[in-house]
Amino acid sequence: MLLATDGSLPALAATVHAVRLARESGAELHALHVTTPESDLQVEFAEPNLELLHVRPVDGVTAACVLASDAGVETHTHEAQGPIVDSILEAARRIDADAIVLGQTGTRPFPQIGLGSVSEAVQSRSSVPVILVSGRAAEVVPIVKEIIARDPEAMATARATADPDVDWAEAANDPSFRTLVSAKARFLVPALVLSLGFYLLITVLAGLAPGFMAQRAVGPLSLGYLLVFATYIMAWGVALVYVRVANRGFDPKAADAVSVLQGHQAQREERA
Amino acid sequence: MKALTIVIFLVILGVTLGITYWAARRTKTTSEFYAAGRSLRAHENGFALAGDWMSAASFLGFTGLVALYGLDGSLYAVAALVAFLIVLLLIAEPLRNTGKYTMADVIAYRMRRPQARLAAVIGTIVVNLAYLLPQMAGAGVLVKLLLGIPYSVSVVFVGIAMILYVTFGGMLATTWVQIVKAVLLMAAAIVLLVWVLALFRFNPLGVFAGVEGRYGPGLFAPGNYLKHPLDPLSLGLSFAFGMAGLPHVMIRFYTVPDAKTARGSIIWVMFLAGAFFLITTFTGFAATYFVGPENILAADKGGNLALPLLAQYLGGGPGSVGGQVFLAVISAVAFATILAVVAALTLATAGAIAHDLYVNIIKRGHVEERTQVRVARLSTLVIGVLAIVLGLLAQGLNVAVLVILAIAVAASSNFPIIFLSLFWRRFNTWGVIGGVTVGLISSVALALMGPVFMGEAAIFPIVNPTVVSLPLGFAGAVLGTLLGGHDRASEERFDEVAFRAHTGAGAEV
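Top to bottom, those sequences are chains A and B. Oh and the first sequence: position 32 is 32 in my numbering, straight run, nothing missing. Oh and the second sequence: position 119 is 119 in my numbering, straight run, nothing missing.
Just to be clear, a hint being listed does not mean it is correct.
Among chain A residues calculated to face chain B with C-beta under 8 Å, some are [claimed, not checked]:
{"hint": "1", "residue": "Val181"}
{"hint": "2", "residue": "Ala183"}
{"hint": "3", "residue": "Ala185"}
Derived DSS-like pairs (lysine-lysine); straight-line CA-CA distance at most 30 Å [unchecked claim]:
{"hint": "4", "chain 1": "A", "residue 1": "Lys184", "chain 2": "B", "residue 2": "Lys260"}
{"hint": "5", "chain 1": "A", "residue 1": "Lys253", "chain 2": "B", "residue 2": "Lys144"}
{"hint": "6", "chain 1": "A", "residue 1": "Lys184", "chain 2": "A", "residue 2": "Lys253"}
{"hint": "7", "chain 1": "B", "residue 1": "Lys2", "chain 2": "B", "residue 2": "Lys227"}
{"hint": "8", "chain 1": "B", "residue 1": "Lys2", "chain 2": "B", "residue 2": "Lys301"}
{"hint": "9", "chain 1": "B", "residue 1": "Lys144", "chain 2": "B", "residue 2": "Lys260"}
It is worth saying that the hints were derived from the structure and are not from the lab. This structure is a prediction, so every number in the text was calculated from the model and none was measured. We put the CB at the ideal spot given by N, CA and C, even for glycine.
Please construct the entire structure, taking both the sequences and the accompanying hints into account.
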């Protein structure tokens with residue numbers, strides 16, 4: 001069952017309905033959010049609409065995840081970019097949906113001036129049944145409020161467990177990330193072995209060769225004290241070098257790896 | 001003069017309660033309660049971290065150890081600095097990138113089974129209580145000594161103050177109480193250092209020459225305190241790896257906005273706390289030189305009063321006005337130190353109970369935001385009352401073994417499971433359970449069989465069990481993993497954990 005949602009009031013009403021249907025029929029729920037140039041407009045329209053009812057806007061896909069996980073319905077999430085109607089139909093084909101659930105009045109802001117509503121367009125072009133749900137504020141607002149009051153973590157977890165779209169194995173094996181990991185290993189392994197080894201060697205010498213550590217080194221200072229003071233210099237020095245290397249070397253590489261991940265995501269969505 | 005001491009105590013109490021009132025109005029959400037809204041800057045968190053680590057044990061303890069045992073005490077102090085290097089290089093940034101409110105979050109991020117989180121919760125609670133109890137007992141002894149108030153009254157008093165800080169002000173109040181205390185402590189240490197150096201014509205080696213002239217070079221050799229040949233190594237291992245397993249230190253990294261700030265805050269703590277530990281070597285020897293080991297031992301067998309006695313001497317000696325004022329100031333700073341550290345420990349424990357146990361294990365994450373904060377405050381109250389009761393029961397008991405236990409369990413049980421969660425693909429829930437079980441049992445058993453608890457009749461000759469229990473903890477974690485078989489879900493999630501830990505993608509904000 002495919003649910004198209006943008007977090008607007010009608011879409012949330014559709015979500016509530018879709019979750020109920022999925023639970024009763026034992027279907028899987030696929031929540032889809034479509035980003036288009038038009039969706040900027042939608043947000044502007046969706047928000048005041050909800051705010052009039054003293055409710056903060058919510059992320060539609062996350063809301064679907066939370067409601068579905070409460071009801072014990074298996075959820076998958078999808079993001080798509082492009083024209084809304086085409087994206088919804090394409091996603092329905094891809095997941096082999098048995099039904100599409102939409103909020104009525106559509107997700108396009110100006111049905112009345114002839115652009116036609118999304119819901120109507122989907123309904124006329126879809127080969128599978130389309131269920132239109134009309135938004136009744138009285139029914140939806142308490143549920144939205146409950147979702148918002150919920151711990152953000154529960155929402156994040158619901159989202160993460162239902163988010164098959166990020167291919168972490170691909171991200172972790174990408175050259176951009178491998179470069180970061182090997183650069184870190186090249187610095188961290190020797191730095192740790194040397195600094196920890198230096199300090200632990202002192203403790204071993206103190207235990208096993210006390211006479212050696214007790215001999216005079218500089219003025220009244222014993223060799224032991226000289227090495228203890230050297231440990232302070234060593235620890236401060238390694239820490240400063242690490243911060244410099246991390247700021248200049250690791251951080252840019254990490255940023256590269258993240259942008260490659262985002263690039264892959266965008267490509268996947270385009271293909272979809 | 002007792003009036004002056006009381007006034008200084010009350011000023012510190014007033015300032016910290018004022019901070020709590022200010023912080024309480026900014027603490028409404030769960031993230032604000034546990035992590036100060038992740039809004040702290042590097043130097044703020046750095047001072048607070050320094051505060052966490054400059055506990056009364058290090059402020060009074062290190063000075064006393066140097067004064068009585070010389071080089072062995074300085075080995076103790078420098079261990080604490082090396083520990084932060086490990087935290088900086090290995091733990092802090094991955095922790096910030098993958099965790100949320102508690103130590104167990106990092107484990108649970110990979111192992112989604114409740115048993116893994118439960119094992120981490122047990123590690124957290126044991127370490128925190130073992131750390132908390134000696135602080136409560138120390139506060140009782142200190143206040144009794146300085147104000148003549150009975151032990152039980154002062155334990156209750158400290159407990160109530162700490163409950164107020166944490167319940168109402170959450171992490172924000174805890175942080176600022178730590179910052180105030182760290183500034184006081186640094187100021188006191190620097191004043192004492194400059195004063196001492198002035199007496200030796202600003203020649204640092206003069207302090208050593210002076211001690212050598214009076215007591216010979218024996219204090220500059222190892223073996224005065226750490227008798228067994230493996231004692232120094234075991235101590236070094238437990239400090240270096242134990243720090244990376246102390247829950248109340250780790251949750252500090254959640255209070256900053258990103259991994260880069262976490263990194264910056266460690267630089268702050270390494271220079272602040274490091275300088276402080278270095279200073280204890282000089283103030284310690286100054287105490288030896290001016291006060292004398294026999295007087296230090298007479299005042300307290302553990303040497304814990306070496307620093308207050310030095311302050312009293314520098315102020316003009318016992319009976320003089322300056323001596324009394326100095327003594328009062330140093331003691332009040334030590335009192336502030338204890339208050340701040342018990343608050344941090346209570347917050348870390350409350351997080352383990354409210355966030356890990358109640359919200360995530362019992363309720364599986366389905367708890368409303370408002371309820372979460374209420375549960376967190378409630379568990380703070382429970383922990384606080386528990387700490388008071390345990391503190392009262394601990395009167396007259398040998399709590400020194402607990403200090404060793406806290407850091408040894410952190411190194412042997414908590415460090416291996418955090419390290420392996422972040423860096424080993426095969427690691428699974430059984431590995432977490434194996435690591436915690438073996439690390440915990442071996443360090444507790446060996447500490448109880450050791451010289452601190454059993455004295456001359458000790459079965460296990462090394463004071464700190466870490467040299468044995470740390471390898472055992474790792475072995476338990478590896479063995480549990482291999483016996484538990486492949487956990488595909490956990491192995492697949494390793495890619496995600498590694499990517500997020502090293503890049504910060506999708507970190508909590």
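Against the structure, the hints:
no. : hint                  : result
1   : Val181                : 6 Å, holds
2   : Ala183                : 10 Å, violated
3   : Ala185                : 10 Å, violated
4   : Lys184(A) x Lys260(B) : 15 Å, holds
5   : Lys253(A) x Lys144(B) : 56 Å, violated
6   : Lys184(A) x Lys253(A) : 10 Å, holds
7   : Lys2(B) x Lys227(B)   : 40 Å, violated
8   : Lys2(B) x Lys301(B)   : 24 Å, holds
9   : Lys144(B) x Lys260(B) : 44 Å, violated
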